[in-house]
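Given the sequences, and given the hints that come with them, work out the whole structure.
Just so you know, the protein sequences line up as chains H and C, in that order.
1 is the number of the first residue of the first sequence in the working numbering; add one for each residue after it.
262 is the number of the first residue of the second sequence in the working numbering; add one for each residue after it.
The hints are simulated quantities; they were obtained by calculation from the structure and are not laboratory data.
Be a bit skeptical, because a hint or two may be false.
List time: in silico DSS-like cross-link candidates among lysine-lysine, alpha-carbon distance up to 30 Å [said to hold, decoys possible]:
hint	chain 1	residue 1	chain 2	residue 2
1	C	400	C	581
2	C	601	C	407
3	H	242	C	581
4	H	135	H	235
5	C	537	C	601
6	H	242	C	401
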Amino acid sequence: MRPPVVEDSWKRLSRTTQARIALGRAGASLPTQEVLNFSLAHARARDAVHAPFDRDKIAGEIEALGFETLFVASAAPDRASYLRRPDWGRSLNPESQALLAARKSEACDLAIVVADGLSATAVHNQTAPLLAAFKPYIARAGWRVGPIVIASQARVALGDEIGRLLQARAAILLVGERPGLSSPDSLGIYVTYDPKPGRNDGERNCISNVREEGLAHDLAAFKLAWLVDQALRRKLTGVGLKDESDLLLQSEGRPAALSER
Amino acid sequence: MGFHYATGTTRWAFGSLAELMAKATPPRSGDMLAGIAASCAEENVAAKLCLADIPLRRFLEETLVPYEADEITRLIIDTHDREAFAPIAHLTVGEFRNFLLSSEATPEAVSALTPGVTPEMAAAVSKLMRNQDLILAAKKCRVVTKFRNTLGLPGTMAVRLQPNHPTDSRAGIAASIIDGLMYGSGDAVIGINPASDSLPVIADLLQLIDGLIARFEIPTQACVLTHVTSSIELINRGMPVDLVFQSVAGTEAANRAFGVDLAVLREGREAALSLKRGTIGDNVMYFETGQGSALSANAHHGVDQQTLEARAYAVCRQFKPLLVNTVVGFIGPEYLYDGKQIIRAGLEDHFCGKLMGLPLGCDVCYTNHAEADQDDMDNLMTLLAAAGVTYIMGIPGADDVMLNYQSTSFHDALYLREVFGLRRAPEFDAWLQRMRIAGADGRLLRQEPAHPLIAWHEA
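Right, dumping it as structure tokens:
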């Protein structure tokens, strides 16, 4: 006789979520198959943290959209030190600092930074589709955008230093989010008005979980454009700026830029 | 003023109380990152030996974060209860450990001390304790809180049902709530971390849980974990807010990084109280904390992360919370490197919080860039259950598909109930029996597809 596993009678609810619901039980514990499924997902997420960042491929895709690109790196020399020293990941290495300072570029409205963060896989998969969806909003609003800065071993606050050096009114930072078991490739977007070193997280707005199975690229681009527009108008980001873009989505249906595409 | 201790022929010097505390802390990556950890194992123990001889009173005379510069220090000093402190006022830190472990330290005696124990005292004694001491002493602390049920009674452990969804889908969140309830979880709170900080989305989720709780008369409370200012705004818009949530830290500057101060927390609590939604109690606040948040915000004043965590509890206790949650492994390996450090920190936080009179639960968790796995979580949750933890998280399959980390599952809570014989909050326990989800022994019953909760989801 096979030992009993209690099946859950609400298994069909699992079509509404990727969460691990209705797993069943052996006594009060997880069935063997579910324990092993979990281990496999954890193994994949662990591997994603350490996957190398292919910045040349990303640069090619971004340039194909008509943007200029630049490479920079944080002060963290490798992945191991990046994980232990977040302070290094928040500042540019001297060469990158010099590179941006030497540009003596004109002030711009937006500095856009693409940061590997904790999942290069996320940046590989989401950056080009997101920027493609965001580009029409840039054109419509007439925002002046600096070169797109591709940053290795980078954390969120690195965007502050880059934004300051590019004399941007606001910084947008796309970053590979910490990989989860069911989402090794989700992208986060941070918007910071008047970026400069020393900004804290309460002074930013965040859009998270950008990926096809999460917040789709066109919706993410719509929210991002809403936040940037509000940030530049009201001259702030962070806890003082609540994301009410969904109200607009509800009252006006799909926004023009979404239906055009 | 400095401190000295000689181990054999080596004389160790510690420049300040803050330095002594940092060097006496069991090793962790966050203190190394801050550059304040002991330089070697022997210095670590020398600092503990030195700390053991410091009178508790000293912590009232020498503040670790300046009084003038920090409203949390002012809160700690200005609200210190000298009368409650009197029974231990003559003790050193080392003697305080001996007292807490002695038979004189009954649950009644320890509870009476609570308003006299500052976070620095709690942190100091915890640094001299082994894991078993942290468990035994915490087990003596009784903290009971109420909103629609009674949390923290001896022999019980509650679960926060955390039904997060990556896009805040109502159907997806509802499915995870049903899954959790059918597994007997959710007495601490049904608490959603929204992916969005959009007020209309949060309002919609509040109405979803409120509707479910009302429809089935579930003796529990709801929370959508959003910034306190958003909760205040939602209350002003007439939304059904049971508990007001906020992440807090142990220094004024770190709280500023979270966009809060004591005044806005007070405002949040008053707004929640004004709704009078609690049926049997008015503990309306839900706080989350975690070692490393102050350093992460560059606001640590050279104080070690465990002491700063205890200072965050001074913030919490001012507002009589229903629940406090140390999210122990969420912040990442730069603060708690591996399973060993996460386990130690979870036990320290639970002990310090309980000693300070708080209903401490623990998000027993880790991220995928930390050196930890589910076996480490098994160890920590088992130790915390032995220590009498108020509640743990219940997440479908322990995998949070929105926040991208691993915590504890509904199954994990059932495992702890099996091993320790722990029951749920009594009102919720009775509800589960009425709903024929669990039997009189607390164990799950077999279910048919026609259960009303499942039918509710499909309606």
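Contradicted hints - numbers only: 2, 5 and 6
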